[in-house]
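Peer 1: Let the hints inform the model, and build the full structure from the sequences given.
Heads up: the sequence shown is residues 1 to 89, going by full-length UniProt numbering.
Possibly wrong hints are sitting among the right ones.
With a straight-line Cα cutoff of 16 Å, these simulated EDC-like cross-link-like pairs (lysine to aspartate or glutamate) come out [said to hold, decoys possible]: (1) 11 to 23; (2) 84 to 67; (3) 3 to 67; (4) 3 to 23.
FYI, nobody ran anything at the bench for these hints, they're computed from the structure.
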Amino acid sequence: MVKIRLRRTGKTKQPSYRIVVADSRSPRDGKFIETIGYYLPTRQPKVLEVNTDRARYWLGVGAQPTEVVVKLFQRVNLLDEQGKVTAEA
Numbered sequence: 001m002v003k004i005r006l007r008r009t010g011k012t013k014q015p016s017y018r019i020v021v022a023d024s025r026s027p028r029d030g031k032f033i034e035t036i037g038y039y040l041p042t043r044q045p046k047v048l049e050v051n052t053d054r055a056r057y058w059l060g061v062g063a064q065p066t067e068v069v070v071k072l073f074q075r076v077n078l079l080d081e082q083g084k085v086t087a088e089a
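Peer 2: Right, dumping it as structure tokens:
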């Protein structure tokens with residue numbers, strides 16, 4: 001199964017994350033299919049950048065986002081409260 005999840009990068013105690021599409025069997029920071037965004041939680045304000053076209057594509061072909069990625073997608077209005085893909089604006 002293909003999952004959309006976070007890949008940790010950055011130094012010790014200074015995490016930054018890439019939003020990647022990866023096979024569910026690969027390790028957290030291992031092999032991935034495509035990078036579709038990034039999240040910088042240590043910056044003020046927090047930075048979240050998502051390529052919505054590619055995210056919609058992967059969600060459309062059946063990729064399952066993790067719980068954290070669902071919350072991040074809701075923050076950029078890619079998913080609604082029920083976790084369904086919203087219409088393009």
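Peer 1: Compare the structure with each hint and give your call.
Peer 2: These are the hints, each one checked on the structure:
{"no.": "1", "hint": "11 to 23", "result": "violated, 25 Å"}
{"no.": "2", "hint": "84 to 67", "result": "holds, 13 Å"}
{"no.": "3", "hint": "3 to 67", "result": "holds, 11 Å"}
{"no.": "4", "hint": "3 to 23", "result": "holds, 6 Å"}
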